[in-house]
Structure formats: C-alpha cells, structure tokens
Amino acid sequence: MLRSLRKPNSSEAAFVTLTDAQLIDAYISEGNTDYFGLLFERYTHLVFGVCMKYLKNTCDAEDAVMGIFEKLMTDLKKHEVRDFKNWLYRVAKNHCLMILRKRKVKDKAEAELMQEKQQEFMEIVFGGHLPNEEKDVESILISLHDALNTLREEQKRCLELMYFENKTYQEISLLTAYSLKQVKSYIQNGKRNLIKMMVPK
Numbered sequence: 008m009l010r011s012l013r014k015p016n017s018s019e020a021a022f023v024t025l026t027d028a029q030l031i032d033a034y035i036s037e038g039n040t041d042y043f044g045l046l047f048e049r050y051t052h053l054v055f056g057v058c059m060k061y062l063k064n065t066c067d068a069e070d071a072v073m074g075i076f077e078k079l080m081t082d083l084k085k086h087e088v089r090d091f092k093n094w095l096y097r098v099a100k101n102h103c104l105m106i107l108r109k110r111k112v113k114d115k116a117e118a119e120l121m122q123e124k125q126q127e128f129m130e131i132v133f134g135g136h137l138p139n140e141e142k143d144v145e146s147i148l149i150s151l152h153d154a155l156n157t158l159r160e161e162q163k164r165c166l167e168l169m170y171f172e173n174k175t176y177q178e179i180s181l182l183t184a185y186s187l188k189q190v191k192s193y194i195q196n197g198k199r200n201l202i203k204m205m206v207p208k
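Each residue of the sequence shown is one higher than the one before, counting from 8 in the numbering used here.
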C-alpha cells in the first residue's frame, strides 16, 4: 500500500504547509492516505538513514523503511504522538534492533545446525575413530576438505552443499541441475570414496 502513496497534486498543495501534528490529525479523522503520504515523503530520508546506520545494507534498509511506515499507518491511530519526528526516530531504531536480534538468533541457530552437520559428516567418514580433542577435530576438518578436493566435481559439490551449506537433496538438485537420483548417488559415492581415503585400514 505504501508503494502507491503519491505526492499531492496542485489542488492538494496546501497540505504541504501543514505541521506533522495537523497531518496526523487529518489522517486519523479523515482516513485519507494523502496526509500520511506527506509524512512519508517528509521523513523517508530520516528513517532510511537510521536503518542504514543499524542494518548496514541498502536492500535491508529499504525493506525496513517500508515495514516501519506500513506499521505506522496503524500505530498512529493507536498512540497520541506529541513529537512525531522524535517518536518516529525511536520507532525506526527499535524496529532495526528487533531485526538485528532476530538475525542474531537465526545466525546462531544456523551456525549450530552447521556444526551438527559437519559433526555428522565426520562421524560418517570416521565412524568410531573420531577424536574428542577440539584441535584434532579442526585438523580432521582441514584434511577432510583436502580430501574433498580430490573427488569428482559432482561428488565434491553435492557433499559440500549438504554438509557445509546445509542444503537438502531437493535444494542441491535445484542448485546443480542434477536429478534427485543423481544427487543421492553422488553423495553416497562421495562418502564411500572419502571413507576409503581417510579411514586407516
């Protein structure tokens, strides 16, 4: 809805001289989004600047700006706002901090899942020979990457996508254009070849 907000035409030019409080009152009482559109035009750059400060990414900041103003279309009818500019700054800041908290939780969960997948991969290759010492595990991961580089490209790619990028069989098939049957075969054969190379007889 916000993307369709427009600047006022010549017959609406008088709106531009209205204060923030007057625009908010008019928007709430009349339900005319043209009033809100002027607030949007007036403060888009401020909100975008706040979002860039916290999110450090243009696309994320642009999405956040739209999310903030879309939320404001409802929130303005629920809150009595005395100083719109300062209130808007706080709303934008809190919105960005919420995004960062969610991102941190997501990144942590993905990192933990990735660690589990790599552990699973090492257990598949080494079975009961996997060491407990962290430094030894890191050394094994390095050796495992070296061994991966000796596999046929399709086996290497499928194994990396599954165990180091946490992709499913279906996602690997889409990314590589291999059939689902081929993906499963490459992964199975790749693991078998790694076991032959890495596990002492």
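Just so you know, the hints here were simulated from the structure itself, not pulled from any lab data. Where hints are given, some of them may not hold.
Dumping the calculated DSS-like pairs for lysine-lysine here, alpha-carbon to alpha-carbon at most 30 Å [claimed, not checked]:
1. K124 <-> K92
2. K163 <-> K124
3. K188 <-> K109
4. K111 <-> K203
5. K85 <-> K124
6. K124 <-> K100
7. K92 <-> K111
8. K60 <-> K124
9. K113 <-> K191
Here are the simulated distance ranges between beta carbons [unchecked claim]:
10. K111 <-> K191: 31 to 37 Å
11. T175 <-> T51: 54 to 60 Å
12. E77 <-> Y176: 35 to 41 Å
13. D82 <-> E160: 52 to 58 Å
14. L148 <-> R199: 15 to 21 Å
15. E117 <-> C66: 15 to 21 Å
16. R110 <-> L187: 30 to 36 Å
17. T51 <-> K111: 56 to 62 Å
18. N39 <-> Q177: 18 to 24 Å
19. K111 <-> G74: 33 to 39 Å
20. L187 <-> E160: 16 to 22 Å
21. R199 <-> D67: 40 to 46 Å
22. A116 <-> N64: 29 to 35 Å
Built from N, CA and C at the ideal position, the CB exists for glycine as well.
Could you check the structure against the hints above and give me the numbers of any it violates, in ascending order? Of the numbered hints, 1, 3, 4, 5, 6, 8, 11, 17, 18, 19 and 22 do not hold.
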